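Student: Here the protein sequences line up with chains A and B, keeping their order. When we follow my numbering, the leftmost residue of the first sequence carries the number 1, and every step to the right adds one. When we follow my numbering, the leftmost residue of the second sequence carries the number 1, and every step to the right adds one.
Any given hint might turn out to be false.
To be verified - Just some of the chain A residues that point at chain B, by a computed CB distance under 7 Å:
no.	residue
1	T140
2	L152
3	L165
4	L383
Unchecked claim - Here chain B is said to cover these stretches of chain A; the calculated rule only asks that three of the stretch's residues, wherever they fall, bring their Cβ under 8 Å from a Cβ of chain B:
no.	region
5	126-137
6	250-262
7	384-390
No lab work stands behind these hints: they were computed from the structure. This structure is a prediction, so every number in the text was calculated from the model and none was measured. Heads up, the beta-carbon is just placed ideally off N, CA and C, and yes, glycines get one too.
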Amino acid sequence: MAGLQVALALGIPWLAGSLWVRALWRDTSAGGWPLALGYGYFLGLLAAILLVRVQAMLGGPLNFTGPVLVLALLGLAGGGLAWRRRAPSPPPLLLQEKMTLSRTGQHVIFLLLLAWLGGRFFLLAQEVWLRPLYPWDAWTTWAVRARTWSELQQLVPFVSPERWLADGSGSVYTVHAWEYPDAVSLFALWPALASGAWYEPVAHLPWLGAAAALGLGFYGQARLWGAAPLTALIFVWLLLSLPVLDTHVALAGYADLWLAAVFGLAVCALLQWARTGDRWQGILALLLALACPWIKREGWVWALLLIPAAAAGWTPRRYWLWLAGGFLLALALWFAAGGVVFTVAGWGEVRLTPAVIQLPLLGRFELHYHDIWAPVARNLLILGNWHLLGYLLLIALLAGLPRAVAEPWRLAGMMVTSSGLLMLFVLFFLTEAYLWAVEYTSINRVFLHFAPALLFWSMTVLPSPLMAGSTRQEHGSQASIGDTDR
Amino acid sequence: MKTPADPAKHLKRFLLWLTALTLGAGLTVLAILLFYRMGGLPVVAPPVRLTGTGLQLASGQGGPVPAGLEIRQPGPDGKAAAQGLVERLVRATLFRQLSWQIEGIEGLEPGSELWLVWVTLAEPGTLRQRQLPLTGQGTIDLETEPHWQGRIAAIGLTVRGAFATPLVVKQLELQAAPLTARELWGWALDEWRAFEDWSQRSINYASGAPLDALFPPVLIVALWIGFSSALYAALNPPRGRPGALLPYAALFLFGWFLLDLRWQWELAKRLERTVERFAGKEMTGRRLADLDGEFYRFLLEVRRRLPEQPVRLFIVSNDPAGFLAGRARYHLLPHNGYMGFSQPPPPDQAREGNYVLILAPLPGVRYDRQGQALEWKNQRLPAEIRYSAPSGALFRVRGD
């Protein structure tokens with residue numbers, strides 16, 4: 001019975017989310033279902049934990065029944081919408097990659113790769129199922145809250161240690177990172193509510209689903225971009241074979257996998273929106289970007305990084321020079337004025353000066369240069385964390401830069417990439433967080449947030465090696481996957 | 001546009017690709033061999049140097065001076081010892097050349113002895129030693145020393161005998177011994193086959209080989225693919241025809257696959273260990289088989305002494321933010337644990353009915369059985385003892 005309830009708790013939000021996303025994309029021929037299943041998982045699960053909170057806020061019991069019923073109804077509505085919208089399929093907007101390999105060759109490699117990925121998932125699933133809660137932050141923060149709520153059947157508040165000490169009633173709890181957002185704890189709580197008791201393997205099943213959904217969403221977006229099935233699956237394999245990502249599935253319990261998946265899929269949708277103007281992609285990007293801060297405090301920064309890219313995609317090409325000029329002028333004025341300091345009501349002081357960055361929720365960072373190229377290079381290019389992703393990124397930058405302003409999506413992609421890399425540079429080279437790189441503590445976890453987005457962007461700018469006839473050949477260059485004739 | 005399907009052309013391209021891959025492998029081996037044989041070893045494995053600030057006096061009297069660590073006289077046991085931590089925990093089989101510099105050795109009385117002492121990571125409680133020639137400076141190769149194994153955690157020098165003038169230990173240095181081509185190959189194979197189980201560090205990085213490997217797989221594969229790509233370009237210059245980049249992509253994906261194959265092997269071996277430890281057990285059995293199993297057993301006993309309803313629980317430990325305190329808090333949920341104290345909570349914060357779990361060892365805190373109170377630094381908390389074991393003790397706070 002508990003198994004069925006867990007299956008319902010995980011399956012119904014996934015199905016509801018997928019049907020709604022599919023309803024919006026039912027006309028596309030390539031990648032529609034994988035995209036729906038990928039994005040649907042995250043949107044459905046986010047909706048589920050939101051409903052858990054709303055139910056608790058309204059004084060209802062802490063259980064999964066109410067949210068599952070609501071989501072089942074929503075799923076039916078989404079399914080009905082998908083079924084009834086029978087508009088004829090428009091011609092594909094983006095030309096599809098044609099491959100030099102024979103169809104049989106493609107199928108064989110596709111199936112082999114799928115089997116390889118299936119084997120990897122089977123292995124990771126066994127780790128999730130057998131190993132008791134293992135990684136540090138999970139049993140000091142995320143799972144402490146989830147287990148407490150699960151066992152008490154109540155969303156008791158977690159407060160600062162000072163407040164806990166002052167409050168002798170025992171009605172409030174504390175952890176060191178008490179102010180961290182609660183979505184990750186709620187992800188673990190959700191299946192535990194369905195199973196009726198705190199059981200770690202069940203609580204961590206959503207992590208396994210997150211990896212699968214990330215792969216599906218990535219595959220769907222790659223197909224929608226115009227990549228051939230094999231190319232799309234190869235990139236999914238590159239993504240899901242990353243050792244740091246696999247580790248965060250096997251040793252489930254951290255927030256980083258969620259932020260990587262949600263931010264990565266937001267970037268995929270943003271680039272699609274910048275390329276096609278598809279408003280539903282824009283909405284997907286917005287929804288997932290808004291979810292980032294709910295997953296981790298750093299999610300604010302990642303979400304804000306999408307704004308320059310969105311601005312580039314939004315602004316007509318004739319205003320790009322004005323946009324760049326305005327940005328440079330603002331930068332010069334900011335520097336000349338010694339930075340800006342202002343207060344956001346209810347949040348606190350924001351201080352952005354050449355010497356200090358201070359942001360509410362994130363903290364204060366004194367800026368000094370730290371020469372940490374060696375540990376950064378070791379982690380990205382020498383150790384086994386990322387296979388050859390660091391090298392692929394260098395190739396993609398070389399391939400992407402010359403045509404960075406050729407089209408809005410290229411500029412948007414370059415903006416996301418460069419602003420993300422710049423943010424990582426500021427964090428690790430200019431603040432005290434340089435120790436995270438020197439001691440190999442957080443550098444890879446923070447880079448993991450960016451990895452799916454970087455891989456998708458790389459796919460969009462790398463010349464398609466498998467392309468038999470590109471849709472637009474230019475002298476001295478080869479078209480990227482799915483380049484358009486616009 | 002249709003792709004020209006000429007099998008002979010395809011075969012030729014494939015053979016060229018294979019040739020480039022093979023020659024690329026040869027070039028990679030050659031480049032690495034040249035690098036290490038022409039003096040690259042100290043770049044990858046720099047010497048460990050312990051000077052005055054890195055050395056501490058373990059026996060005898062003295063202190064740091066600008067030239068090193070000065071030892072003015074031996075300890076009561078007739079020994080003077082200077083020791084230092086090897087922060088990088090170097091591998092003994094590679095770092096086997098030891099050199100030392102001591103000033104004033106000529107002032108030692110006849111019959112005195114100079115010994116090298118060391119501790120390995122695997123046996124932190126066992127001090128190993130070996131006699132050195134009684135000279136002010138020297139170098140020896142520790143290849144034949146049977147206990148010079150594993151990873152070296154600390155090294156030092158011990159002088160046995162009286163001395164009239166102070167000794168100054170100026171420097172103790174471990175250097176990587178030059179390796180022959182055969183030894184290098186052996187090292188490469190060992191490193192690629194090195195297995196590391198899940199650890200608390202795993203969530204932060206996956207080194208893919210020993211962290212200080214001479215042949216990190218990612219770098220080796222990147223070199224191989226780079227050389228092979230350059231060779232393929234030389235053998236078959238790209239002319240912008242459709243599919244011209246396919247061989248390069250295939251090389252890149254081949255390299256990625258090799259790395260993924262190794263990662264799959266590592267994951268499979270880790271899973272083997274996981275299955276051995278946890279499969280077929282209920283959750284309690286799994287926790288008992290986990291890295292803190294014995295501690296968990298203690299916490300099960302603690303839990304039996306706690307009420308059914310969650311209570312406020314102060315977890316006191318000499319490392320309040322450490323592993324055991326955190327695990328205790330998690331394992332005792334939903335009891336309302338707080339792990340911020342390294343001493344019992346003061347009476348104004350712990351109220352009657354609250355519980356205090358003291359994790360051993362906690363020096364400076366004692367329990368007065370007669371007066372039923374915890375005592376420390378002129379402070380007192382009335383509490384009755386509920387459970388006591390070598391790992392710690394549980395108390396219930398009483399009213400005054």
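Student: Hint by hint, note whether the structure agrees.
Tutor: We went through each hint and held it up to the structure:
1. T140: holds, 5 Å
2. L152: Cβ of L152/A sits 5 Å from chain B, so the hint holds.
3. L165: Since the shortest Cβ distance to chain B is 5 Å, the answer is holds.
4. L383: holds, 5 Å
5. 126-137: Coverage by chain B holds for the region 126-137 of chain A (10 residues, Cβ < 8 Å).
6. 250-262: n = 3 at 8 Å, threshold three: holds.
7. 384-390: holds (count 5)
The structure is consistent with each of the numbered hints, conforming to all of them.
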